[in-house]
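Undergrad: Using the sequences and the hints, build the whole thing.
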Amino acid sequence: MVNKEPDLEQVPEVSATSRRSMEIAISIGLLALGLIVVGDSWRIGASWAEDGPQAGYFPFYIGLIICITSLINLIKAFKASADESFVSKKALGLVLTVLLPTIVYVGLIQWLGIYLASTLFIAAFMWRLGGYGLAMIVPISIGVSLLFFVMFEMWFTVPLPKGPIEAMLGLA
Amino acid sequence: MDEIQSLIQGFSIALSPFNLMLMVIGVLLGVIIGVLPGLGGANGVAILLPLTFTMPPTSAIILLSCIYWGALFGGAITSILFNIPGEPWSVATTFDGYPMARVGKAGQALAAAFTSSFVGAFVAVILITFLSPVVANFALQFGPPEFFSVYLLTFCAFVGMAKGSAMKTITAMMVGFALASVGLDTVTGQLRLTFGQTELLKGFDFLIAVIGLFGIGEILQTLEEGLAFKGAKAKLNLRTVLETWKELPRYWLTSVRSSIVGCFMGVVPGGATPASFMSYGLAKRMSPRGEHFGKGEMEGVVAPETAAHAAGTSALLPMLTLGVPGSPTAAVLLGGLLIWGLQPGPLLFVEQKDFVWGLIASIYLGNVVGLIMVLSAVPLFAAILRIPFSIIAPVILVICAIGAYTVHNSMFDVWLMVIFGVVGYVFKKLDYPFAPLVLALVLGDRAEDAFRQSMLLSQGDLSIFFSNPLVGGITGFALVMLFWPLLSGLKSKG
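Protein chains in written order, with this note's numbering: chain G, 1 to 172; chain X, 1001 to 1494.
Don't take every hint at face value.
[Unchecked claim] Just so you have them, the derived chain G footprint on chain X, three or more residues with Cβ under 8 Å:
# : region
1 : 1188 to 1200
2 : 1286 to 1295
3 : 1377 to 1391
4 : 1401 to 1407
5 : 1425 to 1436
6 : 1454 to 1463
No lab work stands behind these hints: they were computed from the structure.
Just so it is clear, CB atoms sit at the ideal spot from N, CA and C, and this is done for glycine as well.
TA: Here's what the structure looks like:
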């Protein structure tokens, strides 16, 4: 239903992983989560104390339901056919071109502060994915960060993480 | 007429210059949020919520609810011009809206969509005005068992009305409950599921989950479908609007029917998206021009838009009166109420009259402001979607990161947002629904408290949930909803 890039439709889609194996992986992951919840609730007490239900009483049953429903999902997934693709290699590539820089960006915030990291992040995106020249990249990436700086630090007076640049300018 | 008096009082609060300014800002931001990929009503409100911590609660809720109205209007723009539903409940709008746009009738489709949205919202807010005091008054007699049965009904309704797998709906919901139970247990003071990690002491904040699931998850999903948006051109001038308005009264029956469907489905939790589909389906079956639906029939835009907006608005009724939100965005607003120190539920109508009626009055005004703004500024909003993806995507991601950070001023939350984003992407592709997860995360503690208090009252006897006709009726209805997929499965087989 949604617009597709024409070249995406012409290239035959090579699947990176099947939907069935993803279903199985997620069901096992959720089953593990259910077991953790059940285990920890049991540890702190999931039964009835003198003064009422113990702390683990409610979460214990929540965990139990997660275990049961994930088991059913797991069995269903095993029975399903393996034909359907979860994600094509091309689409996965596109997702990773955004996801990986985002992870690097969040890592950089801790070292460089949010404003410098955001400037670099936007610049890198425009350069790699958009193919823009410096004449576009520099004003937009710096402009957006400056706008956020004015909005948050001055207008809302909500301090965001700052790094060496702000310290150098005496703003931190 | 107490309600009329209270409402007039509410208008006097909502009409202060500061609140009016917030309304305009809210609607403007809301439409932008509704138009942008990866920013919808729920996470738009979630990102901006921390900025309202210092505002008076009434002004804060006016700002945030107007963002919600704006996002509802904005969803129609992307559906009609770009064939991309901005929100799940605008999916049905694409069926006839986009074909209309392709034959050069984008202006008429937009005018019809906005006007129908307005009509739907207006009917719903009238319902809220007159019905909510009654419901609140009735709910004042509720004890813990009644409240728990209402929560149970809310969650079972998700299972009963889910389009996809009931097991996945239950799993997603229970994951929400499990995440809600992480941290300090307020009753016993014990730590649950923290495993010695100090970051987990305060538990998982639903705002982070909403920003991650709906924001990052959605952007990753959008990416798969390519990097460019190709849209129809919109020309919306006064003449087009007036011409459309002349044509609209012809569909009065569809409007009335869609409003009723929308209001009903909005009050029953989890209903806005099914409401739009159901209303579209009904209109298609009952209209004399039914066979033309899907090829660009204006009635096919009127029906889903009226119902979606009616449902989106009336979702506030159970949120205000019972503390049970009818949609993910209403759930975020409910979380806001808790943060501002207000206790949602029937007592709100007794103790916080100014807040409640200020909000209700602002729904009337916000939708008028919204209608005028979207009708006059469509080209501007459509232009936002023409900003290249390589610029808009990193900016949206930066906004999400800032939003997640400001919730608790914690970098841990930003990492958590990324994790929720990846989980959201995978969950979405495997049809695990987000709405029950978010609702369970918001309501988890309250549902658990109600359950524990009931258990204390009955000394651990579950039959307390059937101890009188009221609580028994709600619980019974909840169980029917829960087992509905199973029952209808048996029926179709037998």
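Undergrad: Now, for every hint given, state plainly whether the structure supports it.
TA: The hints, checked one at a time:
1. Only residues whose C-beta sits within less than 8 Å of a C-beta in chain G count toward coverage, and the region 1188 to 1200 of chain X has 6 of them, enough to reach three; the restraint holds.
2. Counting residues of the region 1286 to 1295 of chain X whose CB lies closer than 8 Å to any CB of chain G gives 0, so the stated coverage by that chain is violated, three being the minimum.
3. For a cut-off of 8 Å, the count of residues in the region 1377 to 1391 of chain X with a CB near a CB of chain G stands at 4, and the three-residue condition holds.
4. For the region 1401 to 1407 of chain X, the stated coverage by chain G is satisfied: 4 residues place a CB nearer than 8 Å to a CB of that chain, which reaches the threshold of 3.
5. Restraint check on the region 1425 to 1436 of chain X versus chain G: 6 residues with Cβ-Cβ distances below 8 Å, three needed, restraint holds.
6. With a threshold of 8 Å between beta carbons, the proposed coverage of the region 1454 to 1463 of chain X by chain G holds, since 3 of its residues qualify and at least three are required.
The earlier numbered hint that this structure contradicts is number 2, and it is the only one.
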